[in-house]
Amino acid sequence: MGSPRFWSWAALVAGLLYFFLPLVGMFEFSLRARRGEYSFQAYTNVLSDPQFRETFMYSVVVALFTIVLGVLIVAPTAFWVRLKLPKLRPVIEFITLLPLVIPPIVIVFGYIRLYNTSSWLPLTGTAMGTNILLTFGYSVLALPYMYRAVDTGLRTIDVATLTEAAQSMGASWFTIITKLILPNILSAILSGAFLTFAIVIGEYVFAALLNRPGFGPYMVWMGGNKAYEPAALAVIAFGITWACMGVIQLATRLSKHNRVQR
Amino acid sequence: MAFLKIEHLEKSFGSTRVVKDFDLEIQKGEFISLLGPSGCGKTTVLRMVAGFETPSSGAIVIDDKDVVALRPNQRNIGMVFQAYALFPNLTVGENVAFGLKIKGVGKDEREARVKEMLTMIGLPDLGNRYPFQLSGGQQQRVALARALAIQPHVLLLDEPLSALDAKIRVSLRTQIREIQRELQITTIFVTHDQEEALSISDRIVVMNGGVAEQVGAPFEIYNRPATRFVAQFVGTLNLIEADVIAPESGTVRIGTTEISLGRPLKPGRVTLACRPEAVSLGLAEGRPLVLHAEIGEVHFLGAVIRVQARAGRTQLSLDTFNRPDTPPPAAGDKVQVSISPADLLVLEA
Ligand SMILES: Nc1ncnc2c1ncn2[C@@H]1O[C@H](COP(=O)(O)OP(=O)(O)OP(=O)(O)O)[C@@H](O)[C@H]1O
Ligand SMILES: [Mg+2]
Chain A
1 MGSPRFWSWA ALVAGLLYFF LPLVGMFEFS LRARRGEYSF QAYTNVLSDP
51 QFRETFMYSV VVALFTIVLG VLIVAPTAFW VRLKLPKLRP VIEFITLLPL
101 VIPPIVIVFG YIRLYNTSSW LPLTGTAMGT NILLTFGYSV LALPYMYRAV
151 DTGLRTIDVA TLTEAAQSMG ASWFTIITKL ILPNILSAIL SGAFLTFAIV
201 IGEYVFAALL NRPGFGPYMV WMGGNKAYEP AALAVIAFGI TWACMGVIQL
251 ATRLSKHNRV QR
Chain B
1 MAFLKIEHLE KSFGSTRVVK DFDLEIQKGE FISLLGPSGC GKTTVLRMVA
51 GFETPSSGAI VIDDKDVVAL RPNQRNIGMV FQAYALFPNL TVGENVAFGL
101 KIKGVGKDER EARVKEMLTM IGLPDLGNRY PFQLSGGQQQ RVALARALAI
151 QPHVLLLDEP LSALDAKIRV SLRTQIREIQ RELQITTIFV THDQEEALSI
201 SDRIVVMNGG VAEQVGAPFE IYNRPATRFV AQFVGTLNLI EADVIAPESG
251 TVRIGTTEIS LGRPLKPGRV TLACRPEAVS LGLAEGRPLV LHAEIGEVHF
301 LGAVIRVQAR AGRTQLSLDT FNRPDTPPPA AGDKVQVSIS PADLLVLEA
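These protein sequences, in sequence, are chains A and B. Taking the working numbering, the leading residue of the first sequence gets 1, the next gets one more, and so forth. Taking the working numbering, the leading residue of the second sequence gets 1, the next gets one more, and so forth.
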């Protein structure tokens with residue numbers, strides 16, 4: 001009757017319902033674009049909209065650049081802090097948390113003030129300049145996630161000893177970072193990259209205020225102007241997210257050396 | 001001409017001097033152990049030779065070149081760590097090839113050398129495994145092969161056996177010594193295990209509090225310890241208090257027995273020391289110092305029997321060989337033990 005086993009199952013089922021029911025509801029709603037029957041009409045509408053493709057591709061490209069930039073900034077920094085400046089770790093951690101505390105709108109207005117057309121570095125003067133600014137902004141937004149992911153990855157290996165072993169064999173810093181550190185924290189970097197991707201794809205404030213054709217503003221515009229398509233869009237977005245997660249799982253599974261007992 | 005020379009080496013962390021005026025000359029192909037208790041600065045000395053720590057002052061000369069200003073990756077030194085430190089993302093073969101690749105050794109030569117190294121450590125078939133698929137002992141052997149593959153000037157090992165279990169520790173230390181002898185590579189081996197140091201070294205440096213207390217061959221360190229610390233740290237020691245009654249002739253009184261040590265002593269009380277194997281059960285020719293003792297614990301170790309005995313206030317440990325026709329003494333037996341004055345060390349305070 002009131003066995004603990006029963007209640008744990010009940011809790012699990014309640015949790016799953018809480019999570020999945022809205023999704024099911026949204027999915028069901030997205031299928032009702034045609035009166036009186038279920039169809040994928042809303043999906044066809046979304047996918048055939050050239051705006052969808054343009055904004056989505058734009059955001060994907062920006063996301064990829066953001067990931068590369070983020071890894072280039074975070075991985076060497078986290079490595080160096082772990083190796084040489086362990087006392088600075090709390091400080092660095094605090095700095096990486098700032099983007100969670102400072103609202104994006106403040107950051108973006110700061111950017112616009114600093115880099116407007118009459119400033120010392122008029123990035124917002126050209127489309128390319130603004131794209132670069134947007135990428136920089138996104139790597140700041142993603143910093144808390146990227147840093148934590150990479151730092152967790154570094155914790156699983158003995159950074160100091162591995163570095164010294166490599167140095168004694170003549171390795172330079174560049175070799176150490178590219179041949180040893182990065183490959184060993186690859187799955188951590190992937191999960192950081194995935195989080196970055198998810199943030200950039202849906203981001204609204206930066207893209208809207210810098211007036212770039214991102215996927216976020218498109219979704220908002222869609223939500224304000226259509227009925228069934230936003231639901232279809234949301235389902236698609238979920239699909240992409242889950243596909244990313246699957247890929248990460250797969251990558252972790254496939255890298256052979258990662259089955260080290262920790 | 002020494003191959004590796006360490007002169008007046010000093011290291012301070014903040015205001016603590018961790019290594020003090022450390023001098024050492026090592027001949028080419030010599031196997032040197034740094035032996036000492038935890039925190040005495042062994043690792044720090046080794047890391048300064050490797051280039052991972054910068055000396056506060058002093059010189060380190062390898063093959064006539066002062067290397068203090070060189071970075072670790074310019075010193076051509078092989079290093080083996082307690083924690084193995086194999087690269088987890090590379091196979092065993094790739095680990096061994098790592099340093100060769102950096103040196104720009106061609107593919108064919110590299111493969112040949114990896115094969116040769118893996119054969120040398122007795123793991124010729126494990127080249128394609130990943131480190132996590134090996135036992136601790138195997139990993140440490142691969143680490144040794146990896147360090148030696150680049151044909152370093154000097155091989156440094158920091159407690160390479162501490163993480164392994166007792167049996168493998170003994171067999172691996174023998175193997176390390178054999179390989180070292182075969183390659184004639186100048187080696188510094190750090191350990192806090194005196195048996196390890198005694199069994200495989202050409203010479204031992206006994207360290208205490210950042211200072212080299214004595215440098216010498218194992219036989220010398222064990223039988224003629226230069227300081228009280230060395231005497232007590234290396235091997236087991238019986239301490240016997242004595243009164244000096246004739247300083248010039250070195251005559252002392254122990255309990256009721258008076259014997260001459262044949263060397264001048266300072267007047268007053270003196271602490272004498274002797275090894276367990278220098279104390280015999282029963283009387284014997286040439287062993288005039290006789291003590292009446294009562295047997296305590298008896299540890300039968302196989303070939304050797306270690307007996308604890310008490311003579312007055314003096315606690316004695318003595319070793320006798322097992323003889324099938326003579327059963328060992330039992331606890332509570334009253335016995336006489338005898339010692340030769342030649343085996344007594346005088347410990348300065
Ligand atoms: N980076 C450092 N900063 C401050 N103190 C240090 C540092 N490295 C070592 N020490 C100190 O220097 C002393 C010697 O350390 P070292 O590691 O050389 O000892 P050890 O003989 O190798 O000991 P063990 O047998 O425990 O490995 C210790 O008291 C240690 O606390
Ligand atoms: Mg040490």
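One or more of the hints may lead you astray.
[To be verified] Pairs of lysine-lysine, BS3-like flavour, derived with a Cα cap of 25 Å:
| hint | chain 1 | residue 1 | chain 2 | residue 2 |
| --- | --- | --- | --- | --- |
| 1 | B | Lys107 | B | Lys65 |
| 2 | B | Lys115 | B | Lys103 |
| 3 | A | Lys179 | B | Lys115 |
| 4 | A | Lys84 | A | Lys226 |
| 5 | B | Lys28 | A | Lys179 |
| 6 | B | Lys5 | B | Lys101 |
| 7 | B | Lys65 | B | Lys28 |
| 8 | B | Lys334 | B | Lys266 |
| 9 | A | Lys179 | B | Lys101 |
| 10 | B | Lys65 | A | Lys179 |
| 11 | B | Lys115 | B | Lys101 |
| 12 | B | Lys28 | B | Lys107 |
Honestly, the hints are just simulated from the structure, not real lab data.
The hints, checked one at a time:
{"no.": "1", "hint": "Lys107(B) with Lys65(B)", "result": "violated, 31 Å"}
{"no.": "2", "hint": "Lys115(B) with Lys103(B)", "result": "holds, 18 Å"}
{"no.": "3", "hint": "Lys179(A) with Lys115(B)", "result": "holds, 22 Å"}
{"no.": "4", "hint": "Lys84(A) with Lys226(A)", "result": "violated, 55 Å"}
{"no.": "5", "hint": "Lys28(B) with Lys179(A)", "result": "violated, 34 Å"}
{"no.": "6", "hint": "Lys5(B) with Lys101(B)", "result": "violated, 30 Å"}
{"no.": "7", "hint": "Lys65(B) with Lys28(B)", "result": "holds, 14 Å"}
{"no.": "8", "hint": "Lys334(B) with Lys266(B)", "result": "violated, 34 Å"}
{"no.": "9", "hint": "Lys179(A) with Lys101(B)", "result": "holds, 12 Å"}
{"no.": "10", "hint": "Lys65(B) with Lys179(A)", "result": "violated, 31 Å"}
{"no.": "11", "hint": "Lys115(B) with Lys101(B)", "result": "holds, 15 Å"}
{"no.": "12", "hint": "Lys28(B) with Lys107(B)", "result": "violated, 30 Å"}
Hint compliance for this structure: hints 1, 4, 5, 6, 8, 10, 12 are not met, and every other hint is.
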